[in-house]
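Sequence order for the protein chains is A and B. Heads up: the first sequence begins at 1 in UniProt numbering, then just goes up one per residue. Heads up: the second sequence begins at 1 in UniProt numbering, then just goes up one per residue.
These are calculated hints, taken from the structure and not from any lab test.
Now the stretches of chain B that chain A is said to cover, found in silico as 3 or more residues with beta-carbon under 8 Å: (1) 26-36; (2) 52-59; (3) 79-88; (4) 95-105; (5) 123-135; (6) 143-149.
Chain B side only, calculated, beta carbon under 10 Å to chain A, not exhaustive: (7) 40; (8) 41; (9) 43; (10) 47; (11) 48; (12) 49; (13) 108; (14) 111; (15) 138; (16) 139; (17) 140.
Counterexamples of contact, computed for chain B against chain A with all Cβ distances above 10 Å: (18) 70; (19) 76; (20) 119; (21) 120; (22) 154.
Since the structure is predicted, the reported quantities are computational estimates derived from the model, not experimental observations. Note that CB positions come from ideal geometry on N, CA and C, so glycine has one too.
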Amino acid sequence: MDTSIRSTVGKSEQRIDTVEKATGRVRYVGDYAVPGMLYAKLVTSTEAHANIKAIDTTEAWKVPGVRAIVTGEVFPFHIGPILADRPPLAFEKVRYYGEPVAIVVADHEHQGKLAASLVKVEYEQLPVVNSVKQAFETGAPLVHTDSGQYMKIISDVYPVPGTNIGSHIKIRKGDFGTAWAACAETVTATYSFNLSDHAALETRSTRVEINPAGKVIVHSCTQSPFTIKKVLNQFFSIEVGNIMVHVPLVGGAFGGKGTIQLEPLAYLASKAVGGKMVKLQFEREEDMRTAPCHIGFDATIKLGVDKGGKLLAGQYTFLIDSGAYTDQAAGITRAAALDCTGPYDIPNVWCDSYCMYTNHPFATSFRGYGHPELTFAVERTMDQLARKLNMDPIQLRLLNCIKPGDTTPTQSVLTASNIGDVEKCMLRAKEIIEWDKGERIEVGTEIVRSKGISMIWKTSTTATNAQAGAVLIFEADGTVNVNCAAIELGQGTKTILGQIAAETLKMGMDKIHVTMEVNTQYDPHQWRTVASSTTFLAGQAVLAAAKDAITQLKKTAAIVLQCAEEDLDVGGGRVYLKPDPSHGVDFKDIALGYTFPNGHAIGGQVVGVGKHIQRHLTPMDKETGFGKPGPWWSVGAQAVEVEWNERDYTYKIVKAVTVLDGGTIINPMTATQQMRGGMYMGLSFASTESFIFNEQGVMQNPDLRNYQLLRFGEQPAEYLVDFIETPSADGPYGARGIGEYGVIGMAAALANSLSVAAQVELNELPLIPEFIWRTKKEGGK
Amino acid sequence: MIISNGITKSIIQLHVNGETHDTVIRSADTLLHTLREQLGLTGAKKACGNGDCGACTVLVNGESMHSCLSLAIEAVNQPITTIEGLLDSPIQKAFIENWAIQCGYCTPGFIVNTHALITKHPNAGDEVIEEWLQSNLCRCTGYQEIMAAVRTVCNSSQLRTPPTNE
Numbered sequence: 001m002d003t004s005i006r007s008t009v010g011k012s013e014q015r016i017d018t019v020e021k022a023t024g025r026v027r028y029v030g031d032y033a034v035p036g037m038l039y040a041k042l043v044t045s046t047e048a049h050a051n052i053k054a055i056d057t058t059e060a061w062k063v064p065g066v067r068a069i070v071t072g073e074v075f076p077f078h079i080g081p082i083l084a085d086r087p088p089l090a091f092e093k094v095r096y097y098g099e100p101v102a103i104v105v106a107d108h109e110h111q112g113k114l115a116a117s118l119v120k121v122e123y124e125q126l127p128v129v130n131s132v133k134q135a136f137e138t139g140a141p142l143v144h145t146d147s148g149q150y151m152k153i154i155s156d157v158y159p160v161p162g163t164n165i166g167s168h169i170k171i172r173k174g175d176f177g178t179a180w181a182a183c184a185e186t187v188t189a190t191y192s193f194n195l196s197d198h199a200a201l202e203t204r205s206t207r208v209e210i211n212p213a214g215k216v217i218v219h220s221c222t223q224s225p226f227t228i229k230k231v232l233n234q235f236f237s238i239e240v241g242n243i244m245v246h247v248p249l250v251g252g253a254f255g256g257k258g259t260i261q262l263e264p265l266a267y268l269a270s271k272a273v274g275g276k277m278v279k280l281q282f283e284r285e286e287d288m289r290t291a292p293c294h295i296g297f298d299a300t301i302k303l304g305v306d307k308g309g310k311l312l313a314g315q316y317t318f319l320i321d322s323g324a325y326t327d328q329a330a331g332i333t334r335a336a337a338l339d340c341t342g343p344y345d346i347p348n349v350w351c352d353s354y355c356m357y358t359n360h361p362f363a364t365s366f367r368g369y370g371h372p373e374l375t376f377a378v379e380r381t382m383d384q385l386a387r388k389l390n391m392d393p394i395q396l397r398l399l400n401c402i403k404p405g406d407t408t409p410t411q412s413v414l415t416a417s418n419i420g421d422v423e424k425c426m427l428r429a430k431e432i433i434e435w436d437k438g439e440r441i442e443v444g445t446e447i448v449r450s451k452g453i454s455m456i457w458k459t460s461t462t463a464t465n466a467q468a469g470a471v472l473i474f475e476a477d478g479t480v481n482v483n484c485a486a487i488e489l490g491q492g493t494k495t496i497l498g499q500i501a502a503e504t505l506k507m508g509m510d511k512i513h514v515t516m517e518v519n520t521q522y523d524p525h526q527w528r529t530v531a532s533s534t535t536f537l538a539g540q541a542v543l544a545a546a547k548d549a550i551t552q553l554k555k556t557a558a559i560v561l562q563c564a565e566e567d568l569d570v571g572g573g574r575v576y577l578k579p580d581p582s583h584g585v586d587f588k589d590i591a592l593g594y595t596f597p598n599g600h601a602i603g604g605q606v607v608g609v610g611k612h613i614q615r616h617l618t619p620m621d622k623e624t625g626f627g628k629p630g631p632w633w634s635v636g637a638q639a640v641e642v643e644w645n646e647r648d649y650t651y652k653i654v655k656a657v658t659v660l661d662g663g664t665i666i667n668p669m670t671a672t673q674q675m676r677g678g679m680y681m682g683l684s685f686a687s688t689e690s691f692i693f694n695e696q697g698v699m700q701n702p703d704l705r706n707y708q709l710l711r712f713g714e715q716p717a718e719y720l721v722d723f724i725e726t727p728s729a730d731g732p733y734g735a736r737g738i739g740e741y742g743v744i745g746m747a748a749a750l751a752n753s754l755s756v757a758a759q760v761e762l763n764e765l766p767l768i769p770e771f772i773w774r775t776k777k778e779g780g781k
Numbered sequence: 001m002i003i004s005n006g007i008t009k010s011i012i013q014l015h016v017n018g019e020t021h022d023t024v025i026r027s028a029d030t031l032l033h034t035l036r037e038q039l040g041l042t043g044a045k046k047a048c049g050n051g052d053c054g055a056c057t058v059l060v061n062g063e064s065m066h067s068c069l070s071l072a073i074e075a076v077n078q079p080i081t082t083i084e085g086l087l088d089s090p091i092q093k094a095f096i097e098n099w100a101i102q103c104g105y106c107t108p109g110f111i112v113n114t115h116a117l118i119t120k121h122p123n124a125g126d127e128v129i130e131e132w133l134q135s136n137l138c139r140c141t142g143y144q145e146i147m148a149a150v151r152t153v154c155n156s157s158q159l160r161t162p163p164t165n166e
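With the hints as constraints, model all of the structure from the sequences given.
See below:
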């Protein structure tokens, strides 16, 4: 690793996207309109589970401006990222309230909306599966009667036909049964929470046209432009090269824009009107009930220790509410299994992680990909175990925390490079939250101040061949354009990639221009912008491209300066002789090749190309889970302090703490932004957010008035963030991923602090005062 | 002025950011829709269409308004200020300097609403700021950065007044 003094990496450079954003002049995908563009509006299911008997479009066609009405018969096939089990437009059957049933295409949005409301769908109701518990029961109504027939897109998915199990992932490490019998103390606890929403401020939006030559042009606010190409190729038989995807800046995503839902619908809509450009933008209500959401989760965890408190055995049963289709929930089922223990060294592990079909909206990736959920269950169990052992919860965690030399549940061996230092993180978090001043303090007649902690870990379960590429194109003035397919969705990735380019080329950030928009035709392939993987994958690609550019610069400069390439170095926008830096040539004089005084020219434009692909990742063994699912584990410790009112059960969040070891931090302030925002999101989800379904499976709160997010003023009074930087040997400048981590331990830390305050075990979310009151009244569970 | 109902359209004048524009509207067109679709002022966003998130906030006669809940016709003869009319405002600088911007989608609404706040309450304390900005949602930041940005402008007098009749 390069250990020389760094000029840009490690510095809080101002984000390169905020000046435009502050003026409101950035155009997101829904901000573009083209004359002649048509608008698509969806007809969505009013039933959670029903057969479609008939669709009557007569009245809808009478609305002026209606150009097409598309129903499921046009494409009676199944698509999906892991298991192809979802018809993009319901066909014969609907499986959730809000599911797309028909598309109306009209000249104006209001015409489409009116016409959509006039499409009459006749349903024959079917029994509704309204919870994972119900779904798991023997004899439960089946959401999918033929799941054994579905095509597997990724190998690690195992539906169980004749049940509602969309996938079953197993971890078998050591000998759980024998170890469990030998434990001196054990604890068993169950956890539950319902589905919820990403609630990115920008609702999902796309526009698609099919040009006369057969090219499909997609504009979308997606995290996965190359997956759109893959899906349109795989299921719609369009040549990969004939699909162009454009992605401008994205208005928040949080995993919710990683999967593909709107683009195939807009493609079918465009096809129905002769390839004209069709825009499909979800209204908030559709974004909440029709688009994929955050999983629901039920878990049972058993932990056993020896006399000294050392963990010997852990058993984990996860029931993941994936809703009507598996989508990314099948991958989350796997991710939750492979990191099921949390950052603890446990020799005997048994995990059954089930992806369960229900008649809820289907779930997809949500910041943390199964980890905020498993961490809530694991860290609550650790606190309950500590109480049983009469041990300090931090001491129990430090005694058991995972270290280099240990193995993960899938038996991946951890090294000083592929895992951060979770012990150091915990000790620092302990200091910041002032743990030693007391875990529970009564500060007034009715007010209790209490603290809760959580340790966190996560690997990035990317595709085993996940990759990114970058192209650095030099301008005539010696400045550099950075092009790659990393999506800017608010996380600051373009700034980070610019810093990596600047550092490697030893140039100032003001000489680096990072292309904000992504175009799949110009930008090299990138797996996706998900899984906290972009700094790592695209960062390595940019680093490699910068090195390639340096080689080219030196080659031309060596001729100009009449020396060997080895004699040269770069810095300050020039190539110079190492022994005599005053002797050199400016980038601007060689960026487009060098022209001698007599007119002869050499070299040509400097265009640096770089790429990076994951190394040595494998799928998991079906029976034991054995395998190497991710490149590294970032780890951390989080804490929350609350002020809880004993009388009315309300609370204020006083402090939220994150100490993360994500390797080298490229930009401390953007990293801090990610931690704060992640903590906010985790606290909001844990304290107030949940979809509510009635007995018929109909969502009762698909809007931002009845679905509560934490509002301005309800955030913690203080966010405290620190980083431990144990470098990763194969990350750019030692960096690992950090994007999702702020969210992971917040539900756990909040529930731990409130459980201490109320002196009752709070094992469900969201932690609304009424739930705390009821649990306390029932004497706890 | 005659506003035809529903099917046919009418021409109205809107005074936006110090300029007067003719717009062709349906009676049902919201101010947000008209600003975005007819005048290309896309800084105000439709993120909920229900007055729950504040991303569509503009100033009408100096007052913060959810433009998704206002009809265009209601804004006739009133000065309208959108984020595009607040170029180089110290609030924008404060949001940048305090790391209060991530995806940027809620930013115009927050900045416009902050503008109204400091026009009305130039020395607002934390409680007033909190109450005022409760109408705006941000999903990326932790709100604390926005709070920090707003605090810096609440005590500064370098603010330019928006073009209003007040």
